[in-house]
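Residue numbers (my numbering), protein chains in the order written: chain A, 15 to 141; chain B, 15 to 141.
Just so you know, these hints were derived from the structure itself, not from any lab. On a predicted model such as this, the values are computed, not experimentally measured, just so you know. Mixed in with the good hints there might be a few duds.
When chains are identical, the list treats them as one kind, so a pair holds in a single copy or across two.
What the hints assert, rightly or not - Each computed BS3-like pair below joins lysine-lysine, with the alpha-carbon atoms no more than 30 Å apart:
1) LYS71 / LYS23
2) LYS137 / LYS86
3) LYS134 / LYS23
4) LYS137 / LYS23
5) LYS71 / LYS134
6) LYS86 / LYS134
7) LYS137 / LYS71
There are 2 protein chains.
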Amino acid sequence: MSDWLDEIKWDANGLVPAIAQDHASGQMLMMAWMNRAALQLTLQEGRAIYWSRSRGKLWRKGEESGNVQELKEMRLDCDADVILLSVIQHGGVACHTGRPHCFYKRMQDGVWVTDVEVAKDPKEMYA
Amino acid sequence: MSDWLDEIKWDANGLVPAIAQDHASGQMLMMAWMNRAALQLTLQEGRAIYWSRSRGKLWRKGEESGNVQELKEMRLDCDADVILLSVIQHGGVACHTGRPHCFYKRMQDGVWVTDVEVAKDPKEMYA
Numbered sequence: 015m016s017d018w019l020d021e022i023k024w025d026a027n028g029l030v031p032a033i034a035q036d037h038a039s040g041q042m043l044m045m046a047w048m049n050r051a052a053l054q055l056t057l058q059e060g061r062a063i064y065w066s067r068s069r070g071k072l073w074r075k076g077e078e079s080g081n082v083q084e085l086k087e088m089r090l091d092c093d094a095d096v097i098l099l100s101v102i103q104h105g106g107v108a109c110h111t112g113r114p115h116c117f118y119k120r121m122q123d124g125v126w127v128t129d130v131e132v133a134k135d136p137k138e139m140y141a
Numbered sequence: 015m016s017d018w019l020d021e022i023k024w025d026a027n028g029l030v031p032a033i034a035q036d037h038a039s040g041q042m043l044m045m046a047w048m049n050r051a052a053l054q055l056t057l058q059e060g061r062a063i064y065w066s067r068s069r070g071k072l073w074r075k076g077e078e079s080g081n082v083q084e085l086k087e088m089r090l091d092c093d094a095d096v097i098l099l100s101v102i103q104h105g106g107v108a109c110h111t112g113r114p115h116c117f118y119k120r121m122q123d124g125v126w127v128t129d130v131e132v133a134k135d136p137k138e139m140y141a
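Whenever a hint applies, use it, and build me the whole structure from the sequences.
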């Protein structure tokens, strides 16, 4: 039974963008990509599992850092080509830079300005 | 002066995903795509302008429906390959189906279930 996977409009690379937001606050955390296996495993294991395009393999979010994303809700958009995850962000840090989320650069007067501080030292996260 | 555009990691098609959320509530609204012109015009005109992949042209969100997305804040993620817009959603409807947002299908027991009601008749929106 995986009809629900057949409803997804996978792109030419067999991927779909997946947005993660914090379940309690609604804070946007990150966007990454999933292939069919990643999406199926995400639901099955109840945690976000992405497809790492750079490494060319499944990426169990938090497998190294411990910053697991526990799945609370999964949504699909009108065109069936974007996934939205509501998650509990364990460790409070979604970004590999040690920040709570990845969208820490804000456009200000024609310049991208970093306005979110590092909460955890990446060296400790990946030690 | 468009150095800020050069910092974006455009994909093979010259596009970048752009997520829109409601400025006041943080509600996720939709995800679409932007090319360089769309992103530049979005900042310039202070409203979301996407690149329609299906129609192959700029898409001034709300040009037909009136449901303009007024730009309040623009963010970029750590990898510089995802844009996040905070907007005022005029008309209260982001989705072409007449719903407040596009993520109205929720995974429930292996099935995508629609749990967000239509707020505006699409026939009226595009009349």
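Status of the hints after comparison with the structure:
Within a single copy, LYS71 and LYS23 get their C-alpha atoms as close as 20 Å, and across copies as close as 21 Å, so both meet the 30 Å cut-off. Within a single copy, LYS137 and LYS86 get their C-alpha atoms as close as 29 Å, which meets the 30 Å cut-off; across copies the closest is 35 Å, which misses it. In the homo-oligomer, the alpha carbons of LYS134 and LYS23 lie at most 30 Å apart only across protomers (26 Å), although the nearest pairing inside one protomer, at 36 Å, exceeds that limit. In this homomeric assembly, LYS137 and LYS23 come within 30 Å of each other (Cα to Cα) only across copies, at 25 Å, whereas the closest approach inside a single copy is 38 Å.
For the homomeric pair LYS71 and LYS134, the shortest alpha-carbon distance inside one copy (26 Å) is at most 30 Å, but the shortest distance between copies (42 Å) is not. For the identical chains of this complex, LYS86 and LYS134 are neighbours both inside a copy (24 Å) and across copies (29 Å), given an alpha-carbon limit of 30 Å. With identical chains, the CA atoms of LYS137 and LYS71 are at most 30 Å apart within one copy only, with a shortest distance of 23 Å there and 44 Å across copies.
Violation of the numbered hints given earlier is absent; every hint is satisfied by the structure.
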